[in-house]
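Undergrad: The primary structure of each chain is shown beneath.
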Amino acid sequence: MRSRSVALAVAAAFALSASATLFSQQAGRGGGAPAAPSPPAPARDLSGVWMMRNPPGINGPWTNYTYTDPMKAPPSLTAWGEAEFKKARDSNGGNYTLDETNDPVLTKCYPPGVPRVYFHPYPFEVVQTPKQTLLIYEYDHWMRRVNTDGRALPKDPDQLWMGTSVGKWIDDHNFQVETVGFNTKTWLDRLGHAHSEDLKVTENFRRVDRDHLQVDIKMEDPKALAKPWVTTFYYENRPNWELGEISCSGDYLDWTQVEKGGKEYKR
Amino acid sequence: MTRKLMFLLGLIAVLTFGARPALAHHGGAAFDQTKTQTLTGTVTRMDFVNPHVVVYMNVQNPDGTTTEWSGWLTAPNKLQRAGWTKNTLKPGDKVTLVGNQQKNGSPVLQIRKVTGPEGDLPTFEQ
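Protein chains in written order, with my numbering: chain C, 1 to 267; chain Y, 268 to 393.
Bound conformation, chain Y alone:
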């Protein structure tokens, strides 16, 4: 029964998601994978460091206040090979981040897509 269930779930995953292998060094369980958020704001800084590149960004809330979010990317090695540098995003840049928020409601985002001043930023070879 268990084996059948495992097979079924695996098959569903393969058919649904194209069997993309997930081999994150770090897991994504701290982030709400069921909801995707889109945030637009102004970059305050970017740390181009291991293990994850971090984009800090001020986002204006509906009530007029501002919250600084941190958005987490993959390792700089991978982004570098795709053409990113530590200067790809600079303070003052207007960007849009799409991703998953920390489950506990913190202003922390697992980034899935970045659109910078000159359009979508390059993805990397997995």
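Just chain C, same shape as in the assembly:
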């Protein structure tokens, strides 16, 4: 564990130094603190395209691959959670090849699960309909249907990649989403923290003003986490953006050919 931790830190430092402008696919903060306040947020409206813009320092250099600084606030794991974590070969910070990590999103194109889905450097879009709010993620077209018709969470949910969600407005600017019913094939983050089928994720989407969205995330999983793991992500509205196409299967896995020195993909 010690060597693993040191390796992690070295990898993080190296990856930070290696982050490139044109090549790397970064989610990021893009210039410091969240931008100046904008006009007030419309009531009960999250619609639009949102891009992560975490302010500096909220999680040290770990912002975009785990939820809390492992130095200052490591997640409180159960014995099972710790044992599972030791099996992980993380995909932190960009300093890895596909042969070196066992992140299932990268190596198998598995759906990312929740909230791992937020660790992609791509925007997501919110579409509101009378009975559902759709969360559409540019990365691999993943979509979550958040039921807003008043139904309760299922007591015995099916095990799904992205879970089953219900949502409700707490007030005019806070929309709470609860999600249960996950399979156990996904990670919670890019360091490889595991979860069980009992994971429950609660997200509170707070539209701070017209252009800013704050997402408070709470992960509860008695089998994996000794106590709930909480974090906050920050987003900015991008009114002129449209989501594009991304396909992990095929396209992303072919990258290993380039890592081995290929000049192009051979398909």
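If you are wondering where the hints come from, they were derived from the structure by calculation, not from laboratory data. Just so you know, these numbers come straight off a predicted model, no measurement behind them. Quick reminder that beta carbons are idealized off the backbone N, C-alpha and C, glycines included. Treat each hint with caution, since some may be false.
To be verified - In silico lysine to any residue, SDA-like type, Cα no more than 20 Å apart, as pairs: (1) Y:Lys353 / C:Asn204; (2) C:Lys260 / Y:Lys353; (3) C:Lys263 / Y:Asn371; (4) Y:Lys370 / C:Thr202; (5) Y:Lys357 / Y:Glu392; (6) C:Lys263 / Y:Asp299; (7) Y:Lys302 / C:Thr202; (8) C:Lys260 / Y:Val321; (9) C:Lys260 / Y:Gln327; (10) C:Lys263 / Y:Val316; (11) C:Lys263 / Y:Pro374; (12) C:Lys263 / Y:Gln327; (13) Y:Lys370 / C:Asp254; (14) C:Lys263 / Y:Glu392; (15) C:Lys263 / Y:Thr307; (16) Y:Lys370 / C:Glu245; (17) C:Lys263 / Y:Pro389; (18) C:Lys155 / C:Thr202.
Unchecked claim - A few chain C residues that don't get close to chain Y, going by computed Cβ distances all over 12 Å: (19) Arg53; (20) Pro154; (21) Asp216.
Given the structure of chain C, go ahead and fit chain Y onto it with the hints provided.
TA: Leaving out everything else, chain Y in the frame of chain C:
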């Protein structure tokens, strides 16, 4: 001890590099991040496709021979939002690529900067 070392390394990274978060879907470990190369040549084609836009370019070697390099960019979605199109670079364009070469010596470059016929090409919002 380990925690102290992690903190120190993290702090160094933050202070040195401004805490830029690195969240590449694909890692950069296949490329030599310690050396930056500058290559000037002629574009033979550009593939504006997922997961990485690729620029193919003929570069003349000191001995007079020519090598075709491939240069790898980020996803087309990001470049598109910055103003790139599939026609931003065309065969015959003279370009300069700055980046990191494949560690095994292959003529494959992780691109950090592109200068086209009309100057530096736009970077994208991370």
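Undergrad: Now, for every hint given, state plainly whether the structure supports it.
TA: Evaluated hints:
Restraint check for Lys353 of chain Y and Asn204 of chain C: the C-alpha separation of about 39 Å exceeds 20 Å, so the hint is violated. Between Lys260 of chain C and Lys353 of chain Y the CA atoms are separated by roughly 26 Å; this puts the pair beyond 20 Å, and the hint is violated. Only pairs whose Cα atoms come within 20 Å are accepted, and Lys263 of chain C paired with Asn371 of chain Y is accepted, the gap being roughly 12 Å. Our distance criterion of 20 Å between C-alpha atoms is broken by Lys370 of chain Y and Thr202 of chain C, whose separation comes to about 43 Å.
Using a Cα cut-off of 20 Å, the hinted pair Lys357 of chain Y and Glu392 of chain Y is violated, with the two alpha carbons roughly 23 Å apart. Restraint check for Lys263 of chain C and Asp299 of chain Y: the C-alpha separation of about 16 Å stays at or below 20 Å, so the hint holds. With a C-alpha separation of about 44 Å, the suggested pairing of Lys302 of chain Y with Thr202 of chain C is violated against the 20 Å cut-off. Proximity of Lys260 of chain C to Val321 of chain Y is assessed by CA-CA distance (about 16 Å); at most 20 Å being required, the pair is judged to hold.
Restraint check for Lys260 of chain C and Gln327 of chain Y: the C-alpha separation of about 24 Å exceeds 20 Å, so the hint is violated. Distance restraint check for Lys263 of chain C and Val316 of chain Y: the Cα-Cα separation of roughly 15 Å lies within the 20 Å cut-off, and the hinted pair is therefore satisfied. In summary, the hint linking Lys263 of chain C to Pro374 of chain Y is supported, as the alpha carbons are separated by about 7 Å, within the 20 Å threshold. At most 20 Å may separate the alpha-carbon atoms for a hinted pair to count; Lys263 of chain C and Gln327 of chain Y meet this at roughly 17 Å.
Among the hinted pairs, Lys370 of chain Y with Asp254 of chain C is consistent with the structure: their alpha-carbon atoms are about 18 Å apart, no more than 20 Å. A hinted pair counts as satisfied when its Cα atoms are at most 20 Å apart, and Lys263 of chain C with Glu392 of chain Y does not qualify at roughly 27 Å. Distance restraint check for Lys263 of chain C and Thr307 of chain Y: the Cα-Cα separation of roughly 17 Å lies within the 20 Å cut-off, and the hinted pair is therefore satisfied. Our distance criterion of 20 Å between C-alpha atoms is broken by Lys370 of chain Y and Glu245 of chain C, whose separation comes to about 30 Å.
The straight-line distance between the Cα atoms of Lys263 of chain C and Pro389 of chain Y is roughly 24 Å, outside the 20 Å bound, and the hint therefore fails. Straight-line distance between C-alpha atoms of Lys155 of chain C and Thr202 of chain C comes to about 16 Å, which keeps the hinted pair within the 20 Å bound. Distance check for Arg53 of chain C against chain Y: the nearest CB is about 10 Å away, which does not clear 12 Å, and the non-interface claim fails. With a least beta-carbon separation of about 32 Å from chain Y, Pro154 of chain C lies farther than 12 Å from that chain, consistent with its non-interface assignment.
With 12 Å as the threshold on Cβ separation, the claim that Asp216 of chain C sits away from chain Y holds: the shortest Cβ distance comes to roughly 19 Å.
Going through the hint list in order, the structure does not satisfy hints 1, 2, 4, 5, 7, 9, 14, 16, 17, 19.
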